[in-house]
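So the sequences go chain by chain: F and P. Using our numbering, the first residue of the first sequence is number 1, and each one after it goes up by one. Using our numbering, the first residue of the second sequence is number 1001, and each one after it goes up by one.
Treat each hint with caution, since some may be false.
[To be verified] Here are the simulated lysine-lysine pairs, BS3-like style, with alpha carbons at most 25 Å apart:
#1 P:LYS1121 <-> F:LYS390
#2 F:LYS83 <-> P:LYS1127
#3 F:LYS44 <-> P:LYS1127
#4 P:LYS1041 <-> F:LYS134
#5 F:LYS23 <-> P:LYS1123
#6 P:LYS1121 <-> F:LYS419
[As the list claims (entries may be wrong)] Computed footprint of chain P on chain F; a stretch qualifies when at least three of its residues, placed anywhere within it, have a C-beta under 8 Å from a C-beta of chain P:
#7 6-14
#8 308-321
[What the hints assert, rightly or not] Here are a few chain F residues that face chain P, going by a calculated C-beta distance under 10 Å:
#9 LEU18
#10 ALA22
#11 ASP29
#12 ASP33
#13 GLY61
#14 THR405
#15 ILE413
#16 SER416
#17 LYS461
No lab work stands behind these hints, which were simulated from the structure alone. Note that beta-carbon positions come from the ideal geometry of N, C-alpha and C, so glycine has one too.
Residue-level listing of the chains:
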Amino acid sequence: MIIKGIIKTGEYYDSVSLMLIAKELNSFDGIADSGVVMGTVENKSILVSGGLFPQEFENAGDADLLIAIKAENNDAYEKAIAKLDDLFKKLRNKSSESSDFVPKSLEGALGQIPDANLSLISVAGKYAASEARKALEKGLHVMLFSDNVSIDDELELKKIGKEKKLLVMGPDCGTAIINGVPLAFANVVSRGDIGIVAASGTGLQEVSCIIDKNNCGVSQAIGTGGRDVKKDIGGIMFLEAMNALENDPGTKVIVLVSKPPHPEVLDKITSLIKDFSKPVVAILIGGNSEQIEKNGAIAAKNLSEAGEIAAALSKKISVESVTEAIKNKNIEIEKLGIKLAGNSKGKYLRGLYSGGTLCDESQLILKPLIGNTYSNTPLSPEFQLKDLFKSEENTIIDLGDDDFTVGRPHPMIDFSLRKKRMIEEAQNKEVAVILLDIVLGFGSNLDPAGEIVPTIKEVLKINSSLNIICSITGTKNDPQGYNAVKKSLSDSGAIVMDSNADASLLAGTIIKNIK
Amino acid sequence: MEVILGSEILEGTYTQIHSCFRDVINFSINDDLLISIANEKIGGGPLNIVIQECNTEEIKSVTVKSSEIVINNSVSYQCYRKEWILPKLSRIDISKLLKTLEPVFLNNIEQLSLAFLIDEKQKPIFKSTLERAFLEKAIHAFTFLGEDIRKCCRLFKGLGFGLTPSGDDFNAGVLTALGLTTLLRTKNEDFSLKKDIFVSTMGKNPVSNNTIYIAYKGMCSEKLFRLLNAVKENHRIEIELNNFLNIGHTSPIDFLTGLYAYLKRYYDN
């Protein structure tokens, strides 16, 4: 082994770049270890402790960047240095590499793409409303990914949108598919004749993926933001979107996805449905489906069923045959659950979710099987977790909720909090089932299997009788590759189900039947 | 266009570029300190000039006048000065601040920061020989927090990864904690404590020095100012905390580790 280093004086790189350089160095062939630090006295001493201090570093100063390399031989070292030089060149030239104009305003962007007709806005909440207003004034539809927009602003924007016959999707709208183009967090779904209106991001994703799995496709998937169906906003965009799909020649079936709307909004929705010529499937997660059914729509019991029924309508297959098939499938899932319960120890379920709607759906499915579950977003307030970092009995957590995302990326992108929690739960012998959602698509973690499989294996090493149950929300054309992800998860020992509803049913059945 | 000038920036022309990044460009004042021209993402500070949508690559010099700055001897902006003085916290405010910051450390994972000093479960993140050596040094330095804070800060000086080593951010956090609790201390010794720490922790890295200098002077960045006021007023805490944590890599967490650890040790009843 040889230990050598280089000193960069007067060159400054931000901390993220330094971290990336360190990571890259360790991946080069023939490099056993490395260190990238500023040349302070303390850092030099940790290089000494780490066996990474070449003599040439003696006189380096605080403001010098030290790169220490432990290589198998000189050849490996020289190759690493050459690659490193390229890396530094790229970093130095990063901002001046491209001479393309990067617009810094809506006007600038429209100057580049004059016939753009949609603006996707993701800026800090306090600026988002004014940017959305500008976009609407210029005749653009708006997708507002931003949250922290006031209700008053949302109402004003949606009124403007309605008047100008423009969509205002959001605020806090994370998912849409318009004219076959996935926007923000969305999946690659086949084009077809099923239109979706959703006041729920992962709800839209789950339904659209189930539609794709059933060899059908989506014409348009319009997100409205979760607040749209509340009393203050009155369902403005939800209703506009419904009308748009009813009048869209490319849409033959309409699916509505939401948590229970305010009763006044529900009245408006059902009133519209009554006059629609196209079949409507509705899933109001946790809501009363009676009013929906009375007005001529089909009420689905869960997101997966909504997708399957919509697909049946699109293919002109009888809905009864589909619901019958679902019933039979559920019987098989229950049989599997009873069998797995026989080999299980422990008694509790821990659900660790990245999608809020999927978390809610799971709690609803589990309730008749195992009763109420503790959560940071519980169905009943008395089941609010006292300490979000400590599970109680049966617990299901929405890791995408604000409490967990302060200062860190969303759990659909960054799995680290979930992985940490999995290890903690596995160490508790009372835990029998860990339930997970894996959401694929644009915007989500690009290597979910690579990230979570090592943790699954570690968990099963800690407790081999644990049941790890996953659902995958995704399609075969998603960037992550649905089939590859499914195979990796299954090979690691997890049980992979086709939908969140199936996974929740299986998990609940196991817990219910453990003796 | 709104241009904000930090209170500590003296009038004059600055031409010696120290470093240039996407959101900020730094000019040397002398060997020890910098002034920074930054966009609104970075925000204001005593040594910052904030220009909305500034293109850092195009800036070669800046001339500061009383209510005007001139970029590259050609483009002039009207500006106004702003001060961000550390608010003085009561014991109740300190309790609220500690409660606000606690989950931040628990949520911080897979970053080579000092958060493990608050949440031990993060120690396994440090895997390589160098990372373990850093871990041990930091733990050793931290043991002196209670009995000899001067020694603790000396041992943290310049320790760790990143352009501003984690230990320097930690020390800036400690100095800030001392500034926040000015009204609560009674011993004369404490006034020399701040100066002693300042003198022993300033080094040859001007980027680190800036944060330490500002903390010593009883000032802070705009983002920290907003966070502290949010806690005092119980309003927009999460938003301001997110805004603070989103600048830089591990610097915010390392800074908050120093701040939290000091306040917890000396002011948490």
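Outcome of the hint check:
no., hint, verdict
1, P:LYS1121 <-> F:LYS390, "holds (14 Å)"
2, F:LYS83 <-> P:LYS1127, "holds (24 Å)"
3, F:LYS44 <-> P:LYS1127, "holds (19 Å)"
4, P:LYS1041 <-> F:LYS134, "holds (21 Å)"
5, F:LYS23 <-> P:LYS1123, "holds (18 Å)"
6, P:LYS1121 <-> F:LYS419, "holds (13 Å)"
7, 6-14, "holds (count 3)"
8, 308-321, "violated (count 0)"
9, LEU18, "holds (6 Å)"
10, ALA22, "holds (8 Å)"
11, ASP29, "violated (17 Å)"
12, ASP33, "holds (6 Å)"
13, GLY61, "holds (5 Å)"
14, THR405, "holds (8 Å)"
15, ILE413, "violated (13 Å)"
16, SER416, "holds (4 Å)"
17, LYS461, "violated (15 Å)"
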